[in-house]
Every structure is written in C-alpha cells, then in structure tokens.
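Peer 1: Taken in sequence, the protein lines are chains V and L.
Numbering-wise, our numbering puts 219 at position 219 of the first sequence, and it's gapless, one number per residue.
Numbering-wise, our numbering puts 494 at position 494 of the second sequence, and it's gapless, one number per residue.
Mixed in with the good hints, there may be bad ones.
The list treats identical chains as interchangeable, and a pair is accepted whether it falls inside one copy or across any two copies.
Think about it this way: if two alpha-carbon atoms lie no more than 30 Å apart in a straight line, the pair counts; the simulated DSS-like pairs of lysine-lysine are [unchecked claim]:
(1) K355 / K58
(2) K384 / K8
(3) K8 / K157
(4) K566 / K258
(5) K157 / K316
(6) K445 / K491
(7) K339 / K5
(8) K355 / K429
(9) K433 / K38
(10) K517 / K8
(11) K155 / K289
(12) K491 / K522
(13) K161 / K5
(14) K386 / K522
(15) K27 / K254
(16) K11 / K339
(17) K366 / K522
(18) K8 / K405
(19) K182 / K11
(20) K339 / K366
Calculated directly from the structure, the hints in this document are not laboratory data.
Protein chains: 2
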Amino acid sequence: MDYTKFQKISKMTLGEEKADLVIKNGKVLDVFTNEIHKADIAVCDGIIAGIGTYYEGKTEIDVNGHYVLPGFIDAHLHLESTMVTPNELVSMAASAGTTTFIVDPHEAANVSGASGIDYILDQTEASPANVYVMMPSCVPATSFDDNGCDFTAAKMKPYLKNERILGLGEVMNDPGVVYGDKKLHEKLELFAGRPIDGHAPFLPGSELSAYALAGITTDHECTTYEYAMEEVRRGIHVHIREGSAAHNLEAIVKGIVKNNTPTSEFSFCTDDKHIEDILRDGHISYNIKKSIKLGLNPIDAIKMATINTARCYGLKHLGALSPGYQADMVIVDRLDKFKVLSVYHKGKLIDSSSKPQIKPCPDELKETVHLAPVSEEAFVLPIKNKQAHIIELDSSQITTRHVIKAIGNTDNYQPVNGLNKVAAVERHKGTGKIGVGICSHYGIKNGAVASSVSHDSHNIIVVGDNDRDMAIAVNEIIKAQGGYTVVSKGKVFDTLPLPVMGLMSDAGYEEVNKKLKRMIKKAHNMGVLDDVEPFITLSFMALPVIPEIRIIPRGLMNTSKFELIKQ
Amino acid sequence: MDYTKFQKISKMTLGEEKADLVIKNGKVLDVFTNEIHKADIAVCDGIIAGIGTYYEGKTEIDVNGHYVLPGFIDAHLHLESTMVTPNELVSMAASAGTTTFIVDPHEAANVSGASGIDYILDQTEASPANVYVMMPSCVPATSFDDNGCDFTAAKMKPYLKNERILGLGEVMNDPGVVYGDKKLHEKLELFAGRPIDGHAPFLPGSELSAYALAGITTDHECTTYEYAMEEVRRGIHVHIREGSAAHNLEAIVKGIVKNNTPTSEFSFCTDDKHIEDILRDGHISYNIKKSIKLGLNPIDAIKMATINTARCYGLKHLGALSPGYQADMVIVDRLDKFKVLSVYHKGKLIDSSSKPQIKPCPDELKETVHLAPVSEEAFVLPIKNKQAHIIELDSSQITTRHVIKAIGNTDNYQPVNGLNKVAAVERHKGTGKIGVGICSHYGIKNGAVASSVSHDSHNIIVVGDNDRDMAIAVNEIIKAQGGYTVVSKGKVFDTLPLPVMGLMSDAGYEEVNKKLKRMIKKAHNMGVLDDVEPFITLSFMALPVIPEIRIIPRGLMNTSKFELIKQ
Chain V
1 MDYTKFQKIS KMTLGEEKAD LVIKNGKVLD VFTNEIHKAD IAVCDGIIAG IGTYYEGKTE
61 IDVNGHYVLP GFIDAHLHLE STMVTPNELV SMAASAGTTT FIVDPHEAAN VSGASGIDYI
121 LDQTEASPAN VYVMMPSCVP ATSFDDNGCD FTAAKMKPYL KNERILGLGE VMNDPGVVYG
181 DKKLHEKLEL FAGRPIDGHA PFLPGSELSA YALAGITTDH ECTTYEYAME EVRRGIHVHI
241 REGSAAHNLE AIVKGIVKNN TPTSEFSFCT DDKHIEDILR DGHISYNIKK SIKLGLNPID
301 AIKMATINTA RCYGLKHLGA LSPGYQADMV IVDRLDKFKV LSVYHKGKLI DSSSKPQIKP
361 CPDELKETVH LAPVSEEAFV LPIKNKQAHI IELDSSQITT RHVIKAIGNT DNYQPVNGLN
421 KVAAVERHKG TGKIGVGICS HYGIKNGAVA SSVSHDSHNI IVVGDNDRDM AIAVNEIIKA
481 QGGYTVVSKG KVFDTLPLPV MGLMSDAGYE EVNKKLKRMI KKAHNMGVLD DVEPFITLSF
541 MALPVIPEIR IIPRGLMNTS KFELIKQ
Chain L
1 MDYTKFQKIS KMTLGEEKAD LVIKNGKVLD VFTNEIHKAD IAVCDGIIAG IGTYYEGKTE
61 IDVNGHYVLP GFIDAHLHLE STMVTPNELV SMAASAGTTT FIVDPHEAAN VSGASGIDYI
121 LDQTEASPAN VYVMMPSCVP ATSFDDNGCD FTAAKMKPYL KNERILGLGE VMNDPGVVYG
181 DKKLHEKLEL FAGRPIDGHA PFLPGSELSA YALAGITTDH ECTTYEYAME EVRRGIHVHI
241 REGSAAHNLE AIVKGIVKNN TPTSEFSFCT DDKHIEDILR DGHISYNIKK SIKLGLNPID
301 AIKMATINTA RCYGLKHLGA LSPGYQADMV IVDRLDKFKV LSVYHKGKLI DSSSKPQIKP
361 CPDELKETVH LAPVSEEAFV LPIKNKQAHI IELDSSQITT RHVIKAIGNT DNYQPVNGLN
421 KVAAVERHKG TGKIGVGICS HYGIKNGAVA SSVSHDSHNI IVVGDNDRDM AIAVNEIIKA
481 QGGYTVVSKG KVFDTLPLPV MGLMSDAGYE EVNKKLKRMI KKAHNMGVLD DVEPFITLSF
541 MALPVIPEIR IIPRGLMNTS KFELIKQ
C-alpha cells in the first residue's frame, strides 16, 4: 500500500481517528476461519481499516445484527449479451450484490477489435463495481468466420500492463490448445502464469490433461459433476454456471453435496444473464441461494462467490472482509434464504438510480455495419442436385439437425410448408459474401426477421419466407447501423436499434424491453413457433462451433464435420 | 508454457509417445479434491505430463501401491544457522521429503549484504530442490546495530526481476510497520502485491490490523492457537513452526483439531532446524506426522505442507500432482505414521550422496572479520557508581534479566563468584567499537569462549573470566576469519573455523559436528553450566530486540527500554 495512504488509513485502524464509515452491529462473515463475528467494520478511502467493537465513524450505519458478507464475484460473463449498455447491466447486478465482474468482451472484439474492448473498459470505469476484463482469445472464433477483427497476440500486448486486464478469456478452440495451434499458443504464452479461462464442454481424459498442461486455469462449461471433477483433478478451477440460458448448477452442486467434495476449487458465474432474470431472481446471489437450497453449507456457498474466485484470479484485495481489503460488502438478513438489504462498493452504498459519469461511445463504434443495401436477388437459392440441406431447429437447445430432403431442381427456391429461407450477410468489410440456406421449425410467414447480433462474428442474420421481405429487413438493419427488425408484407413493422457495434442499445433497459416484447409478439403472430424466441434463436444460426449445420456468409456449413456444404 | 516444450510434453500427455518416466501403481494424493487415485504418473522434462492408468515410460518405477504425495515445502527457514553450507542442509532435508525451501538469508545479508544473498542463491542453484529467497527486510535489525550492510529498498530493486526472489522476508520491525517508518515502508511498497513475511510474536488487535493493512501476508511467530487465529482473521497466513529451537506446533494444531478450524490458511515451517534433528526426525515430514498424531486429518496436514504453501507464495507449478506441475514427489508407505521411501525433484530421484556442481565461494565472503588484533586492555571495565548492571542468563529461554548489584568502584572489574565478563566487538568496518559488560549464569573459569555468530549483526561476541583470555579468543576469531573458539589458561584449546561470512563452515557436517561436540565438552569442563549450550547462548547475547539487557559494540543496552545504559 502507498505510504501516504497507509499513514491515513492506519490512524483509523489504530483508533486514533474516526473512520469515514463504520458499519455497526453486523454479523461479519470471516471467510478465512468460517467464523461469524459480531463486530463493526471501519472503512476509510474505500478500504477496510479494521474490524472490531471499538471503532467510531464520521458516518455510522447500524445494520441491526444483519449479516455482512464480502461483495459477490461473477467469475465469467459477457456484458454485450443483454443489449443494454455495460454500465446499466453492471449497476443492476451490483444492486443484487455482485460487486465484481470478470468479463470477456468476446462479442465486442469480434466486431470492433481493440476499440470494442476499450469501450467495455471505458463504459464500466465509473460503474459501482469492479469490472475486470479477460482478453478475448478466439477472435475470430474459427477459420471459417468473417468477423471484424483478427485479434492476434501482438494486438493483445499493449493490454498486458493494464491492471484491469487479468488474463486470457475463454479459449474455445480446444483442438488448437490440445494439438498445439501455433497462433493460439502465442496467446497462451503471452498470458503464461496468469488466469486463462477455458471453454471445454467435453474433452476426454488425456486431452483434458493436455488442455491443463497448456495453462488453462478455469472452465465454466461443465454440465455434470463428474466432468467438473475431471477438471478439478487436473487443477482447473470450475465456475458453476447459472444464467439465463445455461443451468448447470443443480447437477454440479448436488454432486458436491452428495460426495462432500471440498469446494475451494469452485466458483460461480452467470455467463449470460438477462436483466429481467436479474430483477426477478438476483444475480450471483441466486447461485448462492440455489446451492444452499440444494444442501450446500451456506459459508461454503458464499466462499464460492467471494474468496475462491478472488484467489482464482489473483485479486488479493477482494473476496474477504479484513484490514486492507476493499470495502465491498453485501448486507443480508440471514445466511440461507437471504434477501440482499444493501450493497457497498468501495465503502459507498450502491444506489441503483444514480447515473455515473460515463464517456460517450465513440462514433466509430456506432458505424459498424459496412455494406451497401442489398436487393432481393441476393437471396436467390438455386437447387441443383434435387436435394435440399435443411437446418432443423430445436427450440430446447442451440444444436441443430442436418436434414437432407429430396426436392425438385429450381433457379430459386421458394419456401413452402412452414420452411423458411435463412441468410448470413457479411457486414464488417463489405465483402459482399452472403450465404443462403433453408431452415425448418422457425415458422415465419409473409415476412422476415433480421438481426445484427449473430454469434460469434455478428454478421447480419435474416430469416423469412420471401426474398423481398428479407432484403427489406437487411436494409433496415444497415440503415439502423445494427439492431433487430421485423418486416411484414413489405413493410418494416418495428426496429430495435442496437447502434453500439450492432450489439447494444444506448436506450435504457425499460425502453429496450418494451419494444422487444412488442416485436416478439408480432413475430409470433406472423407464425414463428410459440417455443421459439425469434431473435435469440436467430443469433445462434451462424455459429460454426455448434453441431450440426449452420449458415455463414461463406455458405451452408456442416459444423459437425467442420466443412462447407456444396449445395 | 513455452510452445516447443508444450509440443514435446503434450505428446506424452496424449499417450502418443512414451514418457521419460512413469511412476507406476501409486496411490496418488489429489490435493484439489482430497481424493486418493490409484494411478500412474507420467513425467517429461521434470514436469508431470499426465496422471492415468494408460501411460508407458522409457523408465518405469513401480511404487507397489505406496502413496505418492507432492513434495513438501518449508515455508520459512534460514540456511545459515546450521553452520554447514547451504547445499548440504538443503540436500539433507530434501532427502527427507522437503523439495521446496523458502529461505530468508537474513544473517548473510547482515554480514555481506547483496553478496551474501547472491551466495545463498548461487550455492543452492544446483541443489536437488527448489530454493526461493525472501529479501531480508531488516538489515540492520535496529538503529543500534553495527552490522556489515544497510540493505535499503534501493539495493533490493535489482532483485525484483529474479524469479527466485518471491517477496520480502521476515519484517521484524513491528513498530516500524504499524507506525509507518518511512524507510521500512519503502521496502513494503517495493514488494506490494507480493508475499511479505511478518514476524509478530505478539501484537494487540488494532496493531495487528495495521500490520495486515501494511501488506504483511504471513507470520511464523505464533505460539498459541488463539493468537494464530487473530492473525488468520486478518488475512495473515500462519506458518506453524516446529524446528530445533521453537516448538509451536502442538499448541496450534491442538486448537485447530479441537475447533475444527479450516486449514487452508496454515502452512508449516522449521525456521531453524539442525542437521542432527533432521537426521533423527525428518524435516517438514516431522511437522506433518506430529500434526496427524495430534488428530489432524492426514490430507489436511499434507496440504499444509504442499498446496497451501505453494498458493500462499504464488508458486503455481508446485504443491500438487497434476498435469503441468513440477514433478516433485514424495513416496511414503502410509498416510499417517509414514516413512519417506523416496523423493523426486523435477522427476529425478534424490540421491543424498550425490554432489552437485556448486560455484566456489567468492574470496570476499571469506574475509569478513575486519579488525586489527585487540589487546587485553580492550576489555577493561571500570565501575564508577558503586553498582554493576548484570546480564542474568536464563538457560530455558533467550530472554535475559537485568540485575543491578551494589559493588565497589574499581578501574577494571575482575569477575568473581561465577560471574563473567562479556564483550561485543565490532568486526565489519574496523570501527574499534567494543562494548563490555558482566553476565551471570554462564560460568566459565580460567578462560574464554568467542564466536563470530551473534545475532543479528554477527559481531564478535566473547565471554570469559579474565581479559587476557578474552583477547586471545577474539584474536583467534580474527585469525580464523570467523568461527567458534575456546581459550583455556592463555592457550587456544580448539577453534571451529566458520570462514563463510563468519557464519558457515566449508567442511562437511560430520567434521563440524565432531569438533563442536569436543569444544562444547571442554567449555562445560571449564565451568560453563550444564544447561547452557555455550555457543548458542553466546549467539543471542548481542541481540537488541529481546528483553531485558544485552551487550552490543556500543555498550550495555537496556533492550526493554531500547536505550543504552550509562555505566
């Protein structure tokens, strides 16, 4: 600690001066000893000066015997996925007790490279929480991707000294890690000795060992207790994920409870959690409470959201309530089914209604849809071999089925029987690449739906039952410079602009949500199946790393065999 | 991991090539899950390539179902204290299972500054163990000390990039930490964010909080469970010490067992352990076994000697048996009252008889006694105020009593009634400073004992019952350029040369021990009390940080009031 700062704070530690703030009459959780102390917490300059029963403060807040916990940590999430600006999501989750976010700006980097990462850093600098960044490791995600930036090791170097950059993010290219892809290993070497997040939904034993050998330190993709244990045995810290889409907590925590497994190698993450879910259930607080409900010891559960994660990421000033630690505190009414009563970040009460001073978004990040308007001819799909390759959607998961159907040859396929055309339109470099295919189990009639949010490269993805409406939808996205749109019978019904990299709105959550609900309803009224969320489903249709078949700007892709399909 | 290395090792991990070494049929302790796996360990280039049941090796060693544990770590020790050369001690302790040593070359730095530290680094570079160094923080130990070097923060800077330097060693100047001594805090700032070892035998609550606030991360001076817990609550990792002199383990471990305290914040250290004790009892293995005997869970005890310590010091490649970890392994017959069967460092069997290539000791480190021969007049002690201040020794501890005795005035006090004269002779810079006083409960008659080992400044300390023999003894130490000597009736009985900084022999342990035993016997025959170890007792008589009274080159010192005594 800086000498001047020490001299100031230590006077309060020693009781020679009144502290800035004293939290009085708390039951303070000690994550080092698993004890609960009836004590007061003295805070100075956002740092815990001391814990005891003898402190006086310029401000004193009586918490009436409620529990004081260290601020919760989300070990892995993406801020771009909720469509609101980073600070809005962070502020809302912070009010629910999450005071530290370890984010991977993978989407932003795929669109805008370093500028996208800088945006995430800038926008969260004044947030009422600690936002750390893991350098996106797989930009582009695959060699088939047409994205906005090749984010090489050389481009990462300037970030190494940034204190908010902790390590390397979510290394999804598992074969590249295991079998020694040189460019990927350049990135691993660059971050050697630092945290390196993995992404290995399943690797057989010896490959998982090689994955660990390469320096992967965490994974958040485990869906079973057994596989989580295979990772932990190899020294990989497991983030138990419970977000809006993925629900892995029950399976893993049940195993932990049943086997009395030590919990030091586990943390919690959300990966992606939407604002309505945060408002309803909480954020990392939900992971804690759900674990306790499943039988986990409350203190172990809280440690999985605090000290375990802080240590996993080398955050020596976070995760505990002790002298010198940052005064990030969550006040709760009880230890099991708790309610978050108030949250402090650096000793300041978090007020969800306050608006921190945030740098404006640079213009270049609002102009990321780089292509000229398309004509309906762009969506012509000739059938030559009397067969059609169809992307069959499954509303319950993001995998698809590759269905081959006998069909008559034609110069331009016209969707019938509830089938749709789907197209991926390159939008970063104006290459003119457009891939067109057929999908089933979506269901739109007399119109089209389009989006600039489309993992991982975030090109424009459009689905419709006629070429004209598809062209109108894509042109609307170009005009809005990103967003969601619904086109019905030749007219734009409505558009939700997502001008920030084509990923995020700069309007507030309420406005986004209101418009979104109206557009989803319209899409369903136009025939989109009830169990299909029209935009989220669309956003995964161009993702080349998930089986079995996808549409990308280069054409239809067999993602199980990792090769383009000749139509 | 370096790419070329990864490519080589991963082939063995994946089973594509035979490993260098496979340890077959082990019961492998997994410190992450607390499981014991029946498995084989594949090693390549000193690194664990994989753990499984399918590995083949160029060399295969069957351990017949014995347990394989990670190599043990001594969290804190001084290599200079055993008088043998650093590699000899390290090799011997390594054979007992300690494969990592976190050493504080405090004595070497007090004599020779940076050269002393370099010596420790050089001498242990080829040792069959990992030797890491903490930068000595308190050189000199106090403002009253006349030592060989003022080891400032500026002098530490060049060491910051050395991978074997982990942090700042044993900060003994507690008031300096707590009340903000600027020069000391310069050192703390220099090592901010790194491990900083404390030394706080007792600090009241708020001072201990300030100690933690200043960035102290460990302490090894706890003697009670209650005080250890006070430290752990403040985020200070506690090293439970069990060495030749200090025996703190029973008290602390009993408390841990009784209270079911989590053990993650505890490690083991020896601080100082003599070779005969290592040969008889083992090294850190003894701490583990004693803890288990006291009721600690064996796996928790082993973790206190492995992963806990590795994490405390940020040694990410040590403390566990998992892919990518260094292949430091201890094979034992059982988990409780175990016998160490064999030890591997970087995948190589440790052979205690092998002699690694070690750099010769630089000449300058063998010429550290810088003063001209003294005459017997140097020990003249006039009594002016009809009273004598007497250092009363207590054979059971290193504290002394300050006794004031009425006595007639004289130009030169002559010891009677079993009293002795004791003197501290500055030896580093030839300043000519000599402090002379009186001590009781030592007992030498018709002679003198002298030593160049005298904490913390390691000046020459001499005790005797007549000035002539004292002068002969000091001159013998000057001639030998350091060592222990016994002088009887005007003649040197024998001298154990300790030419390396006046602290260590360059002869082997057996020779040192043989000579030492003979000299100790002689001293006792000359009247030194049975329960007084003549040289060790002498070595603490100039230590100004222990109550109540000491002799230093500047004169007699009241160490309780921290002031010189006017005689």
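Peer 1: Can you name, in rising order, the numbers of the hints this structure does not satisfy?
Peer 2: When the structure is compared with the hints, numbers 2, 4, 7, 8, 9, 10, 11, 14, 16, 18 and 20 turn out to be violated.
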